[in-house]
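> Sequence:
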Amino acid sequence: MPQPGTRPGPVLELPRSRRYNRPVFREFRMKSILAPALAGLLFLASGAAAPAQSRLVFDDTTIEVVTAKKRYKWRVQQAISAAQMAQGLMFRKTLDPWKGMLFDFGSPVLARIWMKNTEIPLDILFIRADGTIESIGFGEPFSLRIVRSGAPVRAVLEILHGTAEKLGIRPGDRIRHDIFGTPLKKLPSYKPKSLRRQN
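Numbering of the sequence shown is given in numbering that gives the first Met the number 0, commencing with residue 0 and proceeding in unit increments.
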């Protein structure tokens, strides 16, 4: 595990080397910082990042959460590159209840997340490759406590803390998006008044 302040970018495990029969790793770093590689793990948020990096550009996308009773849509930013994943929602003061960030790893990994330099409390939804929610964690502002997925996941969705509980979103519910092979259906979605924009 990297020491605080020496946070690397995503570390992904690649196929084993045929010659040496051991894992081969590709590591992305935001700066020239030496840190131990973590097999099959991906860290989000960066203790080495600076507010100037908030100028990174993120593409917007729409996701839909399907529960046993209702459907809910979010307009979220999509983090795909190492730089985008390292920055995430750091240094932001507010977050609309119907916005967030979707981290797309490209393939299933064991995800580990901390909240350094992240001021907004978050619900962290770990999502399997088939779009089902594997688990939901709590991101405490500025915390160095690691929030882990319990199994390999394709993506992570970060939304305002408390939203999942208010809407009854639970592990096993489904996220609809192109990356999961489940594009959005043209059906009405529900937005309760209690979660309208608060700022």
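A portion of the hints provided could be inaccurate.
Claimed, not checked - Between beta-carbon pairs, the in silico distance windows are:
#, residue 1, residue 2, range
1, S142, L183, 15 to 21 Å
2, E139, K98, 15 to 21 Å
3, T93, T60, 25 to 31 Å
4, A82, I145, 19 to 25 Å
What the hints assert, rightly or not - Pairs of lysine to any residue, SDA-like flavour, derived with a Cα cap of 20 Å:
#, residue 1, residue 2
5, K69, K98
6, K98, H160
7, K72, G171
8, K72, P140
9, K184, E63
10, K92, G167
11, K92, H160
12, K92, K115
13, K184, T61
14, K115, F141
15, K98, E63
16, K165, W97
17, K72, L159
18, K165, P182
19, K72, L143
20, K184, A67
21, K72, F57
22, K98, L143
23, K165, F57
24, K68, G167
25, K72, F179
26, K165, E63
Just so you know, the hints here were simulated from the structure itself, not pulled from any lab data.
Glycine included, C-beta positions come from ideal geometry on N, C-alpha and C.
> Give a verdict on every hint.
Going through the hints against the structure:
1. S142 with L183: 15 to 21 Å: Violated - the Cβ-Cβ distance for S142 and L183, about 33 Å, lies outside 15 to 21 Å.
2. E139 with K98: 15 to 21 Å: 20 Å, holds
3. T93 with T60: 25 to 31 Å: 20 Å, violated
4. A82 with I145: 19 to 25 Å: Because 21 Å falls inside the window, the suggested range holds.
5. K69 with K98: 18 Å, holds
6. K98 with H160: 12 Å, holds
7. K72 with G171: Holds - the C-alpha atoms of G171 and K72 are around 17 Å apart, at most 20 Å.
8. K72 with P140: 25 Å, violated
9. K184 with E63: With a Cα-Cα distance of about 9 Å, the restraint between K184 and E63 holds, given a limit of 20 Å.
10. K92 with G167: 26 Å, violated
11. K92 with H160: 14 Å, holds
12. K92 with K115: Cα-Cα ~14 Å, so holds.
13. K184 with T61: Within the cut-off at roughly 11 Å; holds.
14. K115 with F141: Judged against 20 Å, a Cα distance of about 4 Å means the pair holds.
15. K98 with E63: 12 Å, holds
16. K165 with W97: Holds, at roughly 13 Å.
17. K72 with L159: 14 Å, holds
18. K165 with P182: Violated. K165 to P182 sits at ~25 Å, over the 20 Å cutoff.
19. K72 with L143: The given pair, whose Cα atoms are some 30 Å apart, is violated under the 20 Å limit.
20. K184 with A67: Satisfied, since the Cα-Cα distance of roughly 16 Å is no more than 20 Å.
21. K72 with F57: 18 Å, holds
22. K98 with L143: 24 Å, violated
23. K165 with F57: Not satisfied, since the Cα-Cα distance of roughly 27 Å exceeds 20 Å.
24. K68 with G167: At roughly 9 Å apart (the allowed maximum being 20 Å), G167 and K68 satisfy the hint.
25. K72 with F179: Roughly 15 Å between the alpha carbons, so the hint for K72 and F179 holds.
26. K165 with E63: 16 Å, holds
In the structure shown, a violation is registered for the earlier hints numbered 1, 3, 8, 10, 18, 19, 22, 23, in ascending order.
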